[in-house]
Amino acid sequence: MGLLPTVAAAVEGFGLFTGWVPHRPDLRRRRGDTSALVFMLVAILAPNAFVNDAIGTSVFAILGGASIWTLLMVFPPATAADRRATPAIGSSRFRRGPLSVGLITIAVMIAGSPSSMATKPIFAIVVAVVVGACFATVAAAFQILLSAPITAPPPGIWPHSAPVGPLPGSWPRPGAGTPAAAQRGRAVWSAAPSQAAPDNSLALVVERYTSLLYSTERANRPIAEAAIGSLYRDAGLDPPPCVWVRSPREAMLAQGVLRALAGFLGGPAKNQARAWQAVRRARPHDVGSEDWEGLIDTLQPSLVDVAQPARIFAGDYTTLAWDPPDYTGIILGGTNPGAARLIQGSLAIRTVVNRQQAAITYALGDEAVFAGVHFDHPTGLPQSINALIVAEQVHAQRKGWVPLTRTTAMVTLLETCGGWWPTPLAVVLTERPIVAKRDERGLLHSADGPALAYADGWRVFANHGTPVPREAFEHPDTIDVSMIRSERDDDRRRWLIASFGSSRYLEAVADSLELIKTEPNVGLRRQAINRFGVARFVQEAGTVIDSDLDGLGQVRRLWRAPRDRDEPIVLVEVVNSTPEADGSRHHYWLRVPPDRTGCQNAVAWTFGINSDDYHPQFES
Amino acid sequence: MPVEPVLYRQGDVLLRAVDAIPAMAKTVVQRDGGRIVLAYGEVTGHAHAITAPESEATLLSAGENARFLRLVADVDLLHEEHAPVHIPAGMYQVIRQREWSDADGDEESWRYAGD
Numbered sequence: 000m001g002l003l004p005t006v007a008a009a010v011e012g013f014g015l016f017t018g019w020v021p022h023r024p025d026l027r028r029r030r031g032d033t034s035a036l037v038f039m040l041v042a043i044l045a046p047n048a049f050v051n052d053a054i055g056t057s058v059f060a061i062l063g064g065a066s067i068w069t070l071l072m073v074f075p076p077a078t079a080a081d082r083r084a085t086p087a088i089g090s091s092r093f094r095r096g097p098l099s100v101g102l103i104t105i106a107v108m109i110a111g112s113p114s115s116m117a118t119k120p121i122f123a124i125v126v127a128v129v130v131g132a133c134f135a136t137v138a139a140a141f142q143i144l145l146s147a148p149i150t151a152p153p154p155g156i157w158p159h160s161a162p163v164g165p166l167p168g169s170w171p172r173p174g175a176g177t178p179a180a181a182q183r184g185r186a187v188w189s190a191a192p193s194q195a196a197p198d199n200s201l202a203l204v205v206e207r208y209t210s211l212l213y214s215t216e217r218a219n220r221p222i223a224e225a226a227i228g229s230l231y232r233d234a235g236l237d238p239p240p241c242v243w244v245r246s247p248r249e250a251m252l253a254q255g256v257l258r259a260l261a262g263f264l265g266g267p268a269k270n271q272a273r274a275w276q277a278v279r280r281a282r283p284h285d286v287g288s289e290d291w292e293g294l295i296d297t298l299q300p301s302l303v304d305v306a307q308p309a310r311i312f313a314g315d316y317t318t319l320a321w322d323p324p325d326y327t328g329i330i331l332g333g334t335n336p337g338a339a340r341l342i343q344g345s346l347a348i349r350t351v352v353n354r355q356q357a358a359i360t361y362a363l364g365d366e367a368v369f370a371g372v373h374f375d376h377p378t379g380l381p382q383s384i385n386a387l388i389v390a391e392q393v394h395a396q397r398k399g400w401v402p403l404t405r406t407t408a409m410v411t412l413l414e415t416c417g418g419w420w421p422t423p424l425a426v427v428l429t430e431r432p433i434v435a436k437r438d439e440r441g442l443l444h445s446a447d448g449p450a451l452a453y454a455d456g457w458r459v460f461a462n463h464g465t466p467v468p469r470e471a472f473e474h475p476d477t478i479d480v481s482m483i484r485s486e487r488d489d490d491r492r493r494w495l496i497a498s499f500g501s502s503r504y505l506e507a508v509a510d511s512l513e514l515i516k517t518e519p520n521v522g523l524r525r526q527a528i529n530r531f532g533v534a535r536f537v538q539e540a541g542t543v544i545d546s547d548l549d550g551l552g553q554v555r556r557l558w559r560a561p562r563d564r565d566e567p568i569v570l571v572e573v574v575n576s577t578p579e580a581d582g583s584r585h586h587y588w589l590r591v592p593p594d595r596t597g598c599q600n601a602v603a604w605t606f607g608i609n610s611d612d613y614h615p616q617f618e619s
Numbered sequence: 000m001p002v003e004p005v006l007y008r009q010g011d012v013l014l015r016a017v018d019a020i021p022a023m024a025k026t027v028v029q030r031d032g033g034r035i036v037l038a039y040g041e042v043t044g045h046a047h048a049i050t051a052p053e054s055e056a057t058l059l060s061a062g063e064n065a066r067f068l069r070l071v072a073d074v075d076l077l078h079e080e081h082a083p084v085h086i087p088a089g090m091y092q093v094i095r096q097r098e099w100s101d102a103d104g105d106e107e108s109w110r111y112a113g114d
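Protein chains in written order, with numbering that gives the first Met the number 0: chain A, 0 to 619; chain B, 0 to 114.
Please keep in mind that the hints were generated in silico from the structure rather than gathered at the bench. Ideal Cβ placement from N, Cα and C applies to all residues, glycine included. Check each hint, because a few of them may be wrong.
Distance ranges between label pairs, derived from CB positions [to be verified]:
id : chain 1 : residue 1 : chain 2 : residue 2 : range
1  : B       : A88       : A       : T577      : 22 to 30 Å
2  : B       : V42       : A       : G552      : 23 to 31 Å
3  : B       : V71       : A       : G607      : 40 to 48 Å
4  : B       : R69       : A       : E579      : 30 to 38 Å
5  : B       : G40       : A       : G448      : 48 to 56 Å
6  : B       : E79       : A       : D510      : 14 to 22 Å
7  : A       : R535      : B       : A16       : 35 to 43 Å
8  : A       : G552      : B       : A72       : 53 to 61 Å
9  : B       : A72       : A       : T577      : 36 to 44 Å
Chain B is nowhere near these chain A residues, computed Cβ spacing over 10 Å in every case [said to hold, decoys possible]:
id : residue
10 : D233
11 : P238
12 : Q271
13 : G293
14 : H444
15 : H474
16 : V569
17 : P592
18 : G607
So that you can see chain A by itself, here it is in the shape it has in the complex (with noise of 0.2 Å):
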């Protein structure tokens, strides 16, 4: 055997193992394209070198056999799912090269094979495919020993099963529905490492993300559920099961009756039959009796095999969302000049996130610490945290990296379903709302009905990002000065008051000497001051802090009244010189600046006049 296919068979051989790199579709095959060049430029070329060498002949068909089998693993045909995610795939370009290259290594080497070979084509043929599966048979078991994936990328990389482009009816910008919009959609979220996000994707994602908080589609549930498994998987743990509900209402009372749940499983209960028994029992007296019921029926279908206690006493579930890494910090450690504009992306939402999950927690009200539960995030885990997540999906396509399986599940929750909650025994999941508005700065808002409804009846009242009472929504002549007095929020009780009638309001604190020196906003205070008479509400609030006589003789007193966290009022009360007709003299009030502390300085500052100078020659 000659020194040629030697190297040939070294070469292909190294083209074999590596040219095949898992998780790495995009080297595996230009490796695959060199290995397969350079076979046939060999094959070419050996034949003067060996010709009727019975080695020859063999070599030459294991070399055709390890080039069939080499394009074959390079272009594997494309399965249903590659094709929907890149349509490339199933195009007769893709499949033409590997087919016509492999024919024309075929047909290279039997015309430049011994003549031998030559009479007897269908016979070469047959060899080489023979060979090319032994070989094919051989690397497989490589790479089983090596533990290597052979076929499937891992879950979650490319492509992934979330669903692609634009969800209905949350995507509603300029040039929407058309191909270039879905295109758009699909370059942010489910694009090849290969391909950039375009710099206006920022905008897109913040939009997006905001759109996907006040979607009111109707969850996908096996896509959801999918992700919920993936994420678990992802973390090392079994998926537990997925339990629906229809609010966030629902969902804290489901966390109460799982809590329940875990807590007889794990304790005097020991079948699961008597748990449920007693969970139904174990009502908590604020909570109706329909509700927890009915929460009840609805999850114990769902829970048919949760009494394993390892399930049960897993608690390192926590780990999978409430442990994320600072992607803040990586993006600004790098160079990357977006940087600054990713963090404001990311404060945008979650400016809009934490409205959102105010909103649902003022809502919720006293049932927001029902039972003790952990309810820190109202809206469900994706929500509290998606702004990191916005941060590495955009950092991340524009680097060209593939995104964390379990970032892409949470992406895939958000845009499939509403909130959701780990717990122990199950996953929680809602529902979307079935009504959801928002102003045009995208806060939640509805000035003429529920911002947030759900489908259990849970509804959320919000002015411009801030909740509202339901009661004094839907009744506003409820509202009264009380009410509006022992709001401590500042934008609620402007609210309340524009609701009461804000003229309404400051007649009624103007009326009052007690309401005006206990009402909170400063600006509304003076205004009701002015209306009350600055200097009435001296006398009755103040007190006389100096006093002389003018030069004509006549009484000059300093009245200082304090405010609370505004200046205090100091007028100084002069006497008019010239008597009136029935001989009494008109008294005048001048508001003087807060520092004053003496008629003299007072009344000397209202000419202008240092203090010492003011002495007239004459005044009438």
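Since the structure of chain A is already known, use the hints to place chain B on it.
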């Protein structure tokens, strides 16, 4: 040693004797019924006014808060509710009484007091 300024007051108007009137000050030609009105009352329509021919008394203005009176002869400052104030010939700055205002207590701002 600084000399204490010469001041005449009638209600909320103060006249302060000055040595000179700024050259930029322009004569205020407008009169009300032949009178020089230094200030009107906000509500009553009463006025602090000088009844004197143009040759004897001139009002000049160098800006909103800088008005001056040039008196060639002695005049009386009159007001419906106040005793007349006799003003000797001379040059005066016309100062209106001001009040501290609440709305902008943060900055030094004021408005005129009205009778």
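* Non-interface claim for G293/A, where every Cβ of chain B lies beyond 10 Å -> Holds, since 57 Å exceeds 10 Å.
* In terms of Cβ atoms, is chain B entirely out of 10 Å range of V569/A? -> violated, 7 Å
* **Given as non-interface: Q271/A, partner chain B, CB spacing beyond 10 Å** => For Q271/A, whose nearest Cβ neighbour in chain B is about 69 Å away, the distance exceeds 10 Å, so it holds.
* To do: Report holds if the minimum CB distance from G607/A to chain B is greater than 10 Å, and violated otherwise.
  => Non-interface label fails for G607/A: nearest chain B Cβ at 6 Å, not farther than 10 Å.
* Please confirm whether P238/A is truly not at the interface, meaning its C-beta sits more than 10 Å away from all C-beta atoms of chain B. => holds, 61 Å
* **Assessment of proposed distance window 48 to 56 Å (beta carbons of G40/B, G448/A)** => holds, 55 Å
* **53 to 61 Å as the expected CB spacing between A72/B and G552/A, which holds or is violated** => violated, 31 Å
* Look at the Cβ atoms of V42/B and G552/A and judge whether their distance stays inside 23 to 31 Å. => holds, 27 Å
* Should the hint that A88/B and T577/A are 22 to 30 Å apart at their CB atoms be regarded as holding? -> Taking Cβ atoms as reference, A88/B and T577/A lie about 25 Å apart, which means the hint holds.
* To do: Can you let me know if the beta-carbon spacing of A72/B and T577/A is within 36 to 44 Å?
  => Given a distance of about 25 Å, which is not inside 36 to 44 Å, the answer is violated.
* Asked: Against chain B, does P592/A keep a CB gap of more than 10 Å to every residue?
  -> For P592/A, whose nearest Cβ neighbour in chain B is about 5 Å away, the distance does not exceed 10 Å, so it is violated.
* Status of H444/A, Cβ more than 10 Å from any chain B Cβ -> holds, 31 Å
Comparing the model with each earlier hint shows violations of hints 3, 6, 8, 9, 16, 17 and 18; every other hint is respected.
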